[in-house]
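Protein sequence lines correspond, in order, to chains A and B. Residue numbers are given in our numbering: position 406 of the first sequence equals residue 406, and the series is strictly consecutive. To convert, take the position in the second sequence, counting from 1, and add 415; that gives our numbering.
Hints were generated in silico from the structure; no laboratory data involved. Heads up, the beta-carbon is just placed ideally off N, CA and C, and yes, glycines get one too. Some clues are possibly wrong.
What the hints assert, rightly or not - Below, a list of computed lysine-lysine pairs in the DSS-like style, where the Cα atoms sit at most 30 Å apart:
#	chain 1	residue 1	chain 2	residue 2
1	B	Lys433	A	Lys402
2	B	Lys428	A	Lys402
3	A	Lys405	B	Lys503
4	A	Lys405	B	Lys433
5	B	Lys448	A	Lys405
6	B	Lys494	A	Lys405
7	B	Lys555	A	Lys15
8	B	Lys535	A	Lys15
9	A	Lys18	B	Lys555
10	A	Lys405	B	Lys428
11	B	Lys423	B	Lys448
To be verified - Here are a few chain A residues that sit away from chain B, every Cβ distance over 12 Å (derived from the structure):
#	residue
12	Asn137
13	Asn246
14	Thr248
15	Asn310
16	Leu358
As a plain string of letters, each chain reads:
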Amino acid sequence: MNFASNIAQTLQNLKANKTRSFLTMLGIIIGISSVIAIVTVGDSLSVSINNSMQELGASNITVSLQSKTSSRSGLERTYAAKDLLTKVMIEDLRQTYPSQIDDVSLTLAVGNGQTTKGKQYANLTLTGVNPSYGEVNDITLKSGRFLSDRDDLEQRRACVVSDKLAERIFGSASPLAERITMALEKGAETCTIVGVYEYQASLFAAAGVSDDDIVTTVYIPLETASKITNQDGFSTFTIVTAIGVNSTDFANQVGSFFGKYYSRNDDYEVTASSMESMVETVQDMINNVSMAVAVVAAISLVVGGIGVMNIMIVSITERTREIGTRKAVGATNADIRWQFIIEAVVICLIGGIFGVLLGVAGGITGAILLGFTPYVSAAAIAAATLFSMFVGVFFGYYPANKAAKMNPIDALRYE
Amino acid sequence: MKPIIELKNISKKYYEGKDNQLQVLNDVNLSIKSGEFVAIVGASGSGKSTLMNIIGLLDQPTNGQYFLDGADTSQQSQKNLSLIRGQKIGFVFQTFNLIGRINALKNVELPMLYTGAPPKQRAARAQQLLELVEMSDRAKHFPNELSGGQKQRVAIARAMVNDPSIILADEPTGALDSTTGRMIIDLFLELNRRHNKTVILITHDAEIASRAQRIITLKDGQIVGEERQ
Ligand SMILES: Nc1ncnc2c1ncn2[C@@H]1O[C@H](COP(=O)(O)OP(=O)(O)O)[C@@H](O)[C@H]1O
Ligand SMILES: [Mg+2]
Numbered sequence: 001m002n003f004a005s006n007i008a009q010t011l012q013n014l015k016a017n018k019t020r021s022f023l024t025m026l027g028i029i030i031g032i033s034s035v036i037a038i039v040t041v042g043d044s045l046s047v048s049i050n051n052s053m054q055e056l057g058a059s060n061i062t063v064s065l066q067s068k069t070s071s072r073s074g075l076e077r078t079y080a081a082k083d084l085l086t087k088v089m090i091e092d093l094r095q096t097y098p099s100q101i102d103d104v105s106l107t108l109a110v111g112n113g114q115t116t117k118g119k120q121y122a123n124l125t126l127t128g129v130n131p132s133y134g135e136v137n138d139i140t141l142k143s144g145r146f147l148s149d150r151d152d153l154e155q156r157r158a159c160v161v162s163d164k165l166a167e168r169i170f171g172s173a174s175p176l177a178e179r180i181t182m183a184l185e186k187g188a189e190t191c192t193i194v195g196v197y198e199y200q201a202s203l204f205a206a207a208g209v210s211d212d213d214i215v216t217t218v219y220i221p222l223e224t225a226s227k228i229t230n231q232d233g234f235s236t237f238t239i240v241t242a243i244g245v246n247s248t249d250f251a252n253q254v255g256s257f258f259g260k261y262y263s264r265n266d267d268y269e270v271t272a273s274s275m276e277s278m279v280e281t282v283q284d285m286i287n288n289v290s291m292a293v294a295v296v297a298a299i300s301l302v303v304g305g306i307g308v309m310n311i312m313i314v315s316i317t318e319r320t321r322e323i324g325t326r327k328a329v330g331a332t333n334a335d336i337r338w339q340f341i342i343e344a345v346v347i348c349l350i351g352g353i354f355g356v357l358l359g360v361a362g363g364i365t366g367a368i369l370l371g372f373t374p375y376v377s378a379a380a381i382a383a384a385t386l387f388s389m390f391v392g393v394f395f396g397y398y399p400a401n402k403a404a405k406m407n408p409i410d411a412l413r414y415e
Numbered sequence: 416m417k418p419i420i421e422l423k424n425i426s427k428k429y430y431e432g433k434d435n436q437l438q439v440l441n442d443v444n445l446s447i448k449s450g451e452f453v454a455i456v457g458a459s460g461s462g463k464s465t466l467m468n469i470i471g472l473l474d475q476p477t478n479g480q481y482f483l484d485g486a487d488t489s490q491q492s493q494k495n496l497s498l499i500r501g502q503k504i505g506f507v508f509q510t511f512n513l514i515g516r517i518n519a520l521k522n523v524e525l526p527m528l529y530t531g532a533p534p535k536q537r538a539a540r541a542q543q544l545l546e547l548v549e550m551s552d553r554a555k556h557f558p559n560e561l562s563g564g565q566k567q568r569v570a571i572a573r574a575m576v577n578d579p580s581i582i583l584a585d586e587p588t589g590a591l592d593s594t595t596g597r598m599i600i601d602l603f604l605e606l607n608r609r610h611n612k613t614v615i616l617i618t619h620d621a622e623i624a625s626r627a628q629r630i631i632t633l634k635d636g637q638i639v640g641e642e643r644q
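So here's chain A without its partners, still in its complex pose (with noise of 0.2 Å):
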């Protein structure tokens, strides 16, 4: 059968009767641009959280404690020295892969608290870190220096400090080198500025803080910090991965790892996850929720192929004449039902077509004007086209095959 011939004629039927056509398509377009429109838009979505987990270190490992027996999330209980990650427990990390470990993070908190000068007063929470802490968070120096290695070894008493915090109490007189005092709930501390750093918002702030209560974090070495509160352990570090390592891969590793020395305790376990099986997770879920969405959408598509298969039956009724002379001059029942399959397809496909320049437009529009970065998926589109197309498949056999399946003095006969 010849194909050409049966799409220059759908098209020509389509020309001649183009409200009809359009009405038919409609349901198509509908279901198509609807479904492309959501996948662009989630798949936006899911690039603008991908790209900006990204820049958050998605090469990162986060190492924690985990309670065996509930599930409450570490970080307001209060742990026994036993429990905690040692310092010789990470150098052995360390020592075990040297390839696939670039720097590791550690952080103890010690306390939240206030410093003031005069009426002026600043809130802050203290934080012992190491001296790598500031490269692999990417900490931006206004002033100063970071935290250094002998800061950490000689247990000085030097901090890093914000650029709000330095700010509030120095207005503009440089505060390195001068002396501050934090009254924490535990007493009070007294550091020397080293280092001024740049207050950066962080995405999960707490809203509706006024610019004058907000907390900022003064930076200590870690010796310091386990000095002050005389503590040796940890219940959460970071790791940074070196390039080419497979941070997913070695978290796994990681938590093995920590398995040797957790086996006999009875209350706590390691876990360690990669930035990027998070990313990855919170990528699913985009996907997961745009790809049901995408299926409710779809079911219109079915009620514009039932349209398509509709207005085939009236369309082969009208030409019941037709079919019959085709019949006299020679078209085999194959050659009737391929031709109305064609024209279903034809149908659908030009529906699809539509409907997809009109859901890129429309997930484009409602990306941007979400706020994201928009994402066009080749894929998407391909399979919708395909999709389209099968749809004129499905509806268009019945008709067809009635057409194909007349009796062909019947159809000649026919008034």
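Chain A is fixed; fit chain B with the ligands onto it per the hints.
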């Protein structure tokens, strides 16, 4: 010489075995040689069209055998019957049965669509046939832009396009005035004499029938008379 068409004891019944059983053809024996020009006449409802449809493989007899070119047609698959119809038989209908959405040339090409001929060859051949029926200047016209006689010429060109050996025409002049009808019959005579087509033509016009070599008269589904001239 072997007959091209041979009907043996052909019967056609509708509603067989029921109270309203209708015998449309009753034990018809007919043999037609290649190159003959046969007219079939008879009253309305006498079974002419039914007989023609059986000869044209559009319909199957209830009883009897039909040999086309020596081959038993009852042994053929549906698909083969379609192919034989397309290649050996050309139909001309009383109501033309042109497809309204396509122009005269495309209508003439239609039977070639089902033989797999390439587009260029189809167009060239269809053009040639339109010239034969003196309609080449109307190739791009649509059926609703043509007179009855012109439509029938296009239909005759369509019947001829695959170069079939048999032309079947069921009251081809029935919808035309007598002058136009005569010109159409001239065309069939030309196809018969110059192009060696076997022509079977149904008519109830005695004048038209008189131009055939052989006139077969049907009555109540039986052949009741045969004349040769
Ligand atoms: N499909 C059919 N079902 C029942 N009766 C039919 C059918 N087709 C034709 N007939 C009957 O067969 C008889 C012959 O019809 P037809 O061959 O068309 O006659 P003609 O062409 O000589 O006028 C008529 O009585 C007609 O009613
Ligand atoms: Mg008749």
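Now for the hints, and whether the structure bears them out:
Between the alpha carbons of B/Lys433 and A/Lys402 the distance comes to roughly 28 Å, so the proposed pair stays at or under 30 Å and holds. For the suggested pair B/Lys428 and A/Lys402, the alpha carbons sit about 25 Å apart, so the restraint of at most 30 Å is met. Distance hint between A/Lys405 and B/Lys503 is fulfilled; the C-alpha atoms sit about 22 Å from each other, no more than 30 Å. Only pairs whose Cα atoms come within 30 Å are accepted, and A/Lys405 paired with B/Lys433 is accepted, the gap being roughly 25 Å.
Using a Cα cut-off of 30 Å, the hinted pair B/Lys448 and A/Lys405 is violated, with the two alpha carbons roughly 33 Å apart. At roughly 12 Å between alpha-carbon atoms, B/Lys494 and A/Lys405 fall within 30 Å of each other, so this suggested pair holds. Distance restraint check for B/Lys555 and A/Lys15: the Cα-Cα separation of roughly 18 Å lies within the 30 Å cut-off, and the hinted pair is therefore satisfied. Proposed proximity of B/Lys535 and A/Lys15 is supported: the alpha carbons are some 24 Å apart, at most 30 Å.
For the hint pairing A/Lys18 with B/Lys555, the CA-to-CA distance comes to about 22 Å; that is within 30 Å, so the pair holds. A hinted pair counts as satisfied when its Cα atoms are at most 30 Å apart, and A/Lys405 with B/Lys428 qualifies at roughly 22 Å. Distance hint between B/Lys423 and B/Lys448 is fulfilled; the C-alpha atoms sit about 15 Å from each other, no more than 30 Å. For A/Asn137, the requirement that its beta carbon stay farther than 12 Å from each beta carbon of chain B is met, with the minimum near 70 Å.
Under the 12 Å C-beta cut-off, the non-interface status given to A/Asn246 relative to chain B holds; the minimum distance is some 56 Å. Distance to chain B confirms A/Thr248 as a non-interface residue, since its nearest Cβ pair spans about 57 Å, more than 12 Å. The beta carbon of A/Asn310 is kept farther than 12 Å from every beta carbon of chain B, the shortest such distance being approximately 20 Å. Look at A/Leu358: its CB is around 29 Å from the nearest CB on chain B, clear of 12 Å, so calling it non-interface holds up.
Checked against the numbered hints listed earlier, the structure breaks hint 5 alone; every other hint is satisfied.
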